[in-house]
Amino acid sequence: MKLAVVGTGYVGLVTGACFAEMGHRVTCVDIDVEKVARLKEGWMPIYEPGLKPIVLRNSEEGRLLFTTDLADAMAGARIIFIAVGTPPGEDGSADLKHVLAVASEIGRHISEYTVVVTKSTVPVGTAEKVKAAVLAQVQERLVDVPFDVVSNPEFLKEGAAVDDFMKPDRVVVGVDADRSREVMYELYKDFSRNHDRILFMGIKDAEMTKYAGNAMLATKISFMNEVANLCDRVGVDVENVRLGIGSDSRIGYSFIYPGCGYGGSCFPKDVRALIHTASQNGYDSLVLQAVHQRNEDQKHVLFRKITARFGSDLSGLTFGIWGLAFKPGTDDIREAPAVVLLGELLAAGAKVRAYDPEALEAARAELPSEWFANGDVTLVRHQYEALEQVDALALVTEWKPFRHPDFRAMKEMMRQPVIFDGRNQYDPHGLKEEGFEYFGIGRQ
-5 MKLAVVGTGY
5 VGLVTGACFA
15 EMGHRVTCVD
25 IDVEKVARLK
35 EGWMPIYEPG
45 LKPIVLRNSE
55 EGRLLFTTDL
65 ADAMAGARII
75 FIAVGTPPGE
85 DGSADLKHVL
95 AVASEIGRHI
105 SEYTVVVTKS
115 TVPVGTAEKV
125 KAAVLAQVQE
135 RLVDVPFDVV
145 SNPEFLKEGA
155 AVDDFMKPDR
165 VVVGVDADRS
175 REVMYELYKD
185 FSRNHDRILF
195 MGIKDAEMTK
205 YAGNAMLATK
215 ISFMNEVANL
225 CDRVGVDVEN
235 VRLGIGSDSR
245 IGYSFIYPGC
255 GYGGSCFPKD
265 VRALIHTASQ
275 NGYDSLVLQA
285 VHQRNEDQKH
295 VLFRKITARF
305 GSDLSGLTFG
315 IWGLAFKPGT
325 DDIREAPAVV
335 LLGELLAAGA
345 KVRAYDPEAL
355 EAARAELPSE
365 WFANGDVTLV
375 RHQYEALEQV
385 DALALVTEWK
395 PFRHPDFRAM
405 KEMMRQPVIF
415 DGRNQYDPHG
425 LKEEGFEYFG
435 IGRQ
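Sequential numbering from -5 applies to the sequence shown in the working numbering.
Honestly, the hints are just simulated from the structure, not real lab data. Backbone N, C-alpha and C define an ideal beta-carbon position, used for all residues, glycine too. Hints may contain errors.
To be verified - Derived CB-CB ranges, DEER-like:
| hint | residue 1 | residue 2 | range |
| --- | --- | --- | --- |
| 1 | A31 | D184 | 31 to 37 Å |
| 2 | G119 | E84 | 19 to 25 Å |
| 3 | F249 | A367 | 35 to 41 Å |
Generate the whole structure from the sequences, applying the supplied hints.
Have a look at this one:
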């Protein structure tokens, strides 16, 4: 099957590469000329485990192409995926201008029956707007070309996106016509050979399913953070509480690890977008608002613990930070708790030495340049370099190399043996026996 994928960001590139890996002929389209040229040379715009070899292999074998010409990519394509960005507005709404611009261009070039798929995360009702945008251009051309619009939201975890795509828990497909249903089944049937993972439903149902799924996971995280904060105040070890409630099969262990907040491009944006959708429809989403507010506040918890230990004026102090990405397995620092902590430490007069296995380039490119120009922030190439003569370590992202460090060597390198554990990775009692002061999230 010939496919076109519009957008070579996180979702578009993973989608295109993985479909090519399954034997389809895929053309990825982007308006960024330089980006397309670099993709053709094998450059990766994102870090995602396992993605680069798939892109390189399928590019070399001719199944994965990159272009800036949507009309050319559409020629003979049975399915066109719209996978462009939907950046959030100040009110939390998803900006659909890029999605609708692509829809209009599809309408200007469509010449045979095509299934137009919204892959981007979009609010309920977006497919109707996409259909209207395509149809308006078709009618303006005075032609009669059939097409269907389908919602096929992605459920990819950054750091595990390739595995998630190739071995999905489920494939959600929102359709309103038998013809498009048959085409989408043909596309995805090989992902369901063991057992049927394709869930067909209404288009709006599929759009809501994406938002509801992410909001549910965010709710579990914020709930557990709320419990951890209370544990801090009443002298309870939240790790025992986590194990106690996680053993209940109705709750499970996933997404109940307390910490310093969630970030990234999905959970924060999708929760805000769902709150906005509720407001637009006259509904006060109390639970979702609380989830969002708890997370925003949780990003300040580590700084509060630091100032409770060192005082509000941190002048003359240096802090090491392990982890800048919002989660392990990615170089994405969007809405990352580490970025919030960095800003607070600098505002209080501190200096910072920071390390991340993958996000150093992103940090240098995206964080304020003045943070580096005056030497307040130093990005280092080895995790132990971040500890040289620091007054405390803050672990913010739970990368695997941070799980079992050499604490004795750390103690010798640090000016003061103090650890603020934003992900509850370490055993408080063991660290205290090693001579460290330890501050976790709800740990005793």
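Now for the hints, and whether the structure bears them out:
| no. | hint | verdict |
| --- | --- | --- |
| 1 | A31 to D184: 31 to 37 Å | 32 Å, holds |
| 2 | G119 to E84: 19 to 25 Å | 21 Å, holds |
| 3 | F249 to A367: 35 to 41 Å | 39 Å, holds |
Of the hints listed earlier, there is not a single one the structure fails to meet.
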